[in-house]
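Throw the hints in and build the complete structure from the sequences for me.
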Amino acid sequence: MSYSMVIDLKRCVGCSGCVTNCKVSNGTPPKMERSWVARSLEGTYPNARRSIVPKLCNQCDTPPCVTVCPSGATFKDDSGVILIDKEVCMGCQSCIAACPYGARHHRADSLGYFDGELTQYEAIAYRNMPENTTDKCDFCMGRTDTGQTPEPACVRSCVAGARFFGTTEEMESFVSASGRDSHRLLEHKGTGPNVIYLSDFVNTAEA
Amino acid sequence: MGGKKRAMSRRSFITGALGTAAVMSVAGGSIVGCAPTGQEGQKEGPTGAAVEKWVPTTCNMCFNNCAILVRVVDGIAMEIKGNPNSTVGGGRLCAKGASGIMQLYDPYRITKPLIRTNPEKGIGIDPGWEEITWEEAMGLYIGKLAAYSAEDQRYVAGSSMVSNLGTIYARAALNAAMGGMPETAISDICGSGTHGNQELLTATGNASPDYAYCNYVVQFGIQAGTATRHGFNMTAKMFADRRAEGCKLVNFDPHMSAAGDKADEWIPLVPGTDAVVALAMAHVLANELGVYDRDFLTNRSNGPSLVDTATGRVIRDAGTNKALYWDEDTSSARPYDEAVTPALEGSFEVDGEACKTAWTLNREHLETYTPEYAESISTVPAASIRRIAREFGEAACIGQTIDIEGYTLPYRPVAVDSFSGVSRHKHSWLSNWACLQLNTIVGSCNAVGGYIGFGPKCNGYSDTSPIQWAPGVWEEDGLINYTSLISPASGPESMYEAVRSGISVPETKDMLSLMPFGMDYHFYYINQKDPSIFNNLCVKSKMLIAYGCNPLKWWGDFEDQEQLLKDYEYVIGSDLYLTDASYYFDLFIPEATYLERYDVFEHMFLAHRHLGGLDSKWNFLLRQPVVEARDGCLGNWEFCCEAAWMAGPESNAGFATVLNYVHLIMEHNPLPTDQKITPEMVLDAGYKTYIDDKHDLAWFKENGSYIYPRKADEVYIWADGSEGRVPIYMDIMFEAKEKVGAIVEEYQIPWELDDYQPLPDWKPCPDFEVTDPDYTIMPIYWTNQSNVDTWSVYNAYLNELNESDPYGYAIEVNSATAAEKGIKDGDAISLTNIVGKSVSGIAMTSEAVHPQCVSVIGGHWNSRSEFIPTGKGKGTGIVDLVYGSLDPIRYDHLCNAFDQCVRVKLEKV
Chain A
2 MSYSMVIDLK
12 RCVGCSGCVT
22 NCKVSNGTPP
32 KMERSWVARS
42 LEGTYPNARR
52 SIVPKLCNQC
62 DTPPCVTVCP
72 SGATFKDDSG
82 VILIDKEVCM
92 GCQSCIAACP
102 YGARHHRADS
112 LGYFDGELTQ
122 YEAIAYRNMP
132 ENTTDKCDFC
142 MGRTDTGQTP
152 EPACVRSCVA
162 GARFFGTTEE
172 MESFVSASGR
182 DSHRLLEHKG
192 TGPNVIYLSD
202 FVNTAEA
Chain B
7 MGGKKRAMSR
17 RSFITGALGT
27 AAVMSVAGGS
37 IVGCAPTGQE
47 GQKEGPTGAA
57 VEKWVPTTCN
67 MCFNNCAILV
77 RVVDGIAMEI
87 KGNPNSTVGG
97 GRLCAKGASG
107 IMQLYDPYRI
117 TKPLIRTNPE
127 KGIGIDPGWE
137 EITWEEAMGL
147 YIGKLAAYSA
157 EDQRYVAGSS
167 MVSNLGTIYA
177 RAALNAAMGG
187 MPETAISDIC
197 GSGTHGNQEL
207 LTATGNASPD
217 YAYCNYVVQF
227 GIQAGTATRH
237 GFNMTAKMFA
247 DRRAEGCKLV
257 NFDPHMSAAG
267 DKADEWIPLV
277 PGTDAVVALA
287 MAHVLANELG
297 VYDRDFLTNR
307 SNGPSLVDTA
317 TGRVIRDAGT
327 NKALYWDEDT
337 SSARPYDEAV
347 TPALEGSFEV
357 DGEACKTAWT
367 LNREHLETYT
377 PEYAESISTV
387 PAASIRRIAR
397 EFGEAACIGQ
407 TIDIEGYTLP
417 YRPVAVDSFS
427 GVSRHKHSWL
437 SNWACLQLNT
447 IVGSCNAVGG
457 YIGFGPKCNG
467 YSDTSPIQWA
477 PGVWEEDGLI
487 NYTSLISPAS
497 GPESMYEAVR
507 SGISVPETKD
517 MLSLMPFGMD
527 YHFYYINQKD
537 PSIFNNLCVK
547 SKMLIAYGCN
557 PLKWWGDFED
567 QEQLLKDYEY
577 VIGSDLYLTD
587 ASYYFDLFIP
597 EATYLERYDV
607 FEHMFLAHRH
617 LGGLDSKWNF
627 LLRQPVVEAR
637 DGCLGNWEFC
647 CEAAWMAGPE
657 SNAGFATVLN
667 YVHLIMEHNP
677 LPTDQKITPE
687 MVLDAGYKTY
697 IDDKHDLAWF
707 KENGSYIYPR
717 KADEVYIWAD
727 GSEGRVPIYM
737 DIMFEAKEKV
747 GAIVEEYQIP
757 WELDDYQPLP
767 DWKPCPDFEV
777 TDPDYTIMPI
787 YWTNQSNVDT
797 WSVYNAYLNE
807 LNESDPYGYA
817 IEVNSATAAE
827 KGIKDGDAIS
837 LTNIVGKSVS
847 GIAMTSEAVH
857 PQCVSVIGGH
867 WNSRSEFIPT
877 GKGKGTGIVD
887 LVYGSLDPIR
897 YDHLCNAFDQ
907 CVRVKLEKV
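Quick mapping for you: the protein sequence lines, in order, are chains A and B. The first sequence begins at 2 in our numbering and counts up one residue at a time. The second sequence begins at 7 in our numbering and counts up one residue at a time.
It should be emphasised that the hints constitute simulated quantities derived from the structure, not laboratory data. Everything numeric in this text was worked out from a predicted model, so none of it was measured.
List time: in silico DSSO-like cross-link candidates among lysine-lysine, alpha-carbon distance up to 27 Å:
| # | chain 1 | residue 1 | chain 2 | residue 2 |
| --- | --- | --- | --- | --- |
| 1 | B | Lys843 | B | Lys127 |
| 2 | B | Lys880 | B | Lys914 |
| 3 | B | Lys878 | A | Lys32 |
| 4 | B | Lys880 | A | Lys32 |
| 5 | B | Lys118 | B | Lys682 |
One-sided excerpt, in silico: chain B residues whose CB lies under 10 Å from chain A:
| # | residue |
| --- | --- |
| 6 | Lys87 |
| 7 | Pro90 |
| 8 | Ala104 |
| 9 | Thr232 |
| 10 | Phe238 |
| 11 | Asn239 |
| 12 | Gly252 |
| 13 | Lys254 |
| 14 | Ile273 |
| 15 | Phe398 |
| 16 | Ala401 |
| 17 | Asn790 |
| 18 | Gln791 |
| 19 | Leu807 |
| 20 | Tyr813 |
| 21 | His856 |
Glycine included, each C-beta is placed from N, C-alpha and C at the ideal position.
Following this line, the structure appears as structure tokens:
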């Protein structure tokens, strides 16, 4: 059994709610985003079109980060989610270089968002973010001690209802039933990504 | 005029109120994630379950106040999520809401009252703040208020924003108890012109597409459902679902903002020209295609009204003054409610006078607005206008019905929506009317899938609730009245009645007594600068109470506002932070954050921020403290209650009495007048009154959210056959113009009357007259989802989002325009207006902005306060370029809107 996530790019409004909800729920320090939103523009004025793609770790079937990790800190658990044992992580950043999705961040220091001491929230929240370690999305598996994933914070909070989460089998059935075009990022690299995007489309008046 | 007192009517109380303006329990929500905890050494896991709680409360990172649950571990808030047991947010939480944790623990927040020791005021000049006790702060507050009010109530002014509407009632009650009803200096420029038109069309001052059923949405100057507007966190999913199911979104906007990002068609246009495009669409529908809802226009609009072609006035029954329609059954003119088969169109003769129906006149009026003419003004191709109009008309399904809850209702799954982008111009009323009348033409007003009000009607919040409201009608024309944005349960209001009996010589600086269609208060500022501009009918205020706002950054030239702030003898500011404006405060009263305090009924009767539609249930919530307030900082409700008690028995009794009155609890659960009031007492009395005794404060502390179904006849106001029409022709404008004109002539008040007209037009903004070829660029601002109606740059998470966006703090320049001027990404550029004022910033080129515009997010940025390092110097404050911010020429004299359209010179530095 493994988990997958579906992100509907038609529904997504690019609001970055996933970014800050992830931050507050997982306690990620400055400049460390397990979830982020990529924007680009195609075409020229006045016919330009925006592309908005929320991104996160793809929990690859063949994760290059696991392959390159010299300490074994990065590993794939029974549910297919890639986890990091931060007591083992040496902060070498090999995994960051190997990840084609830019999904990993290095915690270079122990600073918080404000000058001076950490806030009361940060002092507790960043205990899982030790200095000189790497961090990434774990589908919020790290937020429960039972080993069963809860609904990830980005899915739970999504104001547009654009995210869906479940077993890979459930998600693939969901995508199939939608009748929509779908794609995964950088599939040609052979990573086997488990984040599936329902492609954006343009409605016409006849729809 | 010293010592003058004014009687407090319901309306004056509300407008005045606008100007003044750790108990924990286990939530109903489940614990879904538990790390990080407060357990030393624990990386994850709920091993300390006994000290871990999810507390229900409401967000206040913007004015929507969504229902949230906060995970508290050992007294520290560790996580925020939406409360799924509420329809206000539906368990979802936006970027701002999640960022509340950064506000709660922000070390730059002020938590102790401060008093200035340096009398010299100005940005960057250290006020020499010294801490004082809360008792000292309360003593100063009530002492100054009482002293100035005793001389003349108008010496005191109050300003606030809409983010905390519930608190204005506490402020107003305290002010009233101290003998004062401050003049309203509220700045809000959001919806002048929009709210009023929505009241006329949907019976309440906020409206939206009926997303659950809508198939085609056209937006002018609005990003509702994708980024902004009241209830964004409620609309986003509803609209996303419909868009995924095929609903087409067309977004007219000079900049491809968040709505343009998601639109199926983004159509850029010159700022301030929305109306000419909308009128051209109306022309195409009415005159080129003949696509309009004849049944709706005949039976639910005043289109059949017979208009004297010589005078433009509606012909009326001599006895009842009711509008006459041509009854085809009897071939005679009869009162509208007696005409059996009214004629929608045609020319007739009544008592020897030539007349036409209002709809016929409207169609003739629209002949001017060809798509080619609109293209010459707006740059929108005529072919696009024709195509969008045709699509809109075809999607309207004119003639179709749908059955809901046993009612057979009109099904018109199209809506035109407008808001800030149309409102922040002169001629705002006419422009919003031009846009929104498209809904009338195709019959989508108050129809399933069409354009519906947020809360136009309520049958009660429970089986026994005494709270009910309905708009009623203006009998002379059968037109719907409306329910109040703020307190609909207090009874319907009528713009027609306001014209008939509410126009009077202005005594307060807002001049609203000359603006029966007005809502905001911008004229206050002109009078505060120089009362002689309006013939000294008003007096300058000497004291300002600024609550939860930054009056330095209101809506135009920042220096104008600085000068006004400097002119007051005494300024009290109340806020979380020491913003730019605090450099002009004499007394600073901090406020506990929304996670540390009680507030009372932030969703006051739900009408302002509670979306319309069957899926949006009646929902009462509670804001309660989830953690102890830092340094024992008080919330504003607590402050007002304590201050009223300190002021003495008479003042406290007055305070309690006003609260009883405005919260409608006097009859059922009145507050005692001889005891110190607490916000908990008001909440308990209100809940028991509005719902029932079972749902008291204790119930809400435990459960947080009460939901009661909203029924079809509450959403679709004519479902039960109620009478009511919407205006397609505003005969009342003649009466208003005559009455206002008489007063301004008698009192020699310079006043513009040109916009009092029965049909909408497009008219140019003042800076459209600028012809200097160097000044061709119009700066515009927009807001994305994480920056709208919130602390944006002051918040660590939100600032980080902006800094990670290359356009976050930059000035966006059209690529072709930039190339012409040799500007590249990262270049320093300046914008200079025609009076020589400049702002500067960093350019980022883009294909997503009109060539005649440059664009920024949040035009009020570039904070200069040393006290908030997070936000200092971030972004470009282009609003500073809006020169003449206190010149009446920039003001819409009909509805109080303010024109932010300026032309500037763009240069590479």
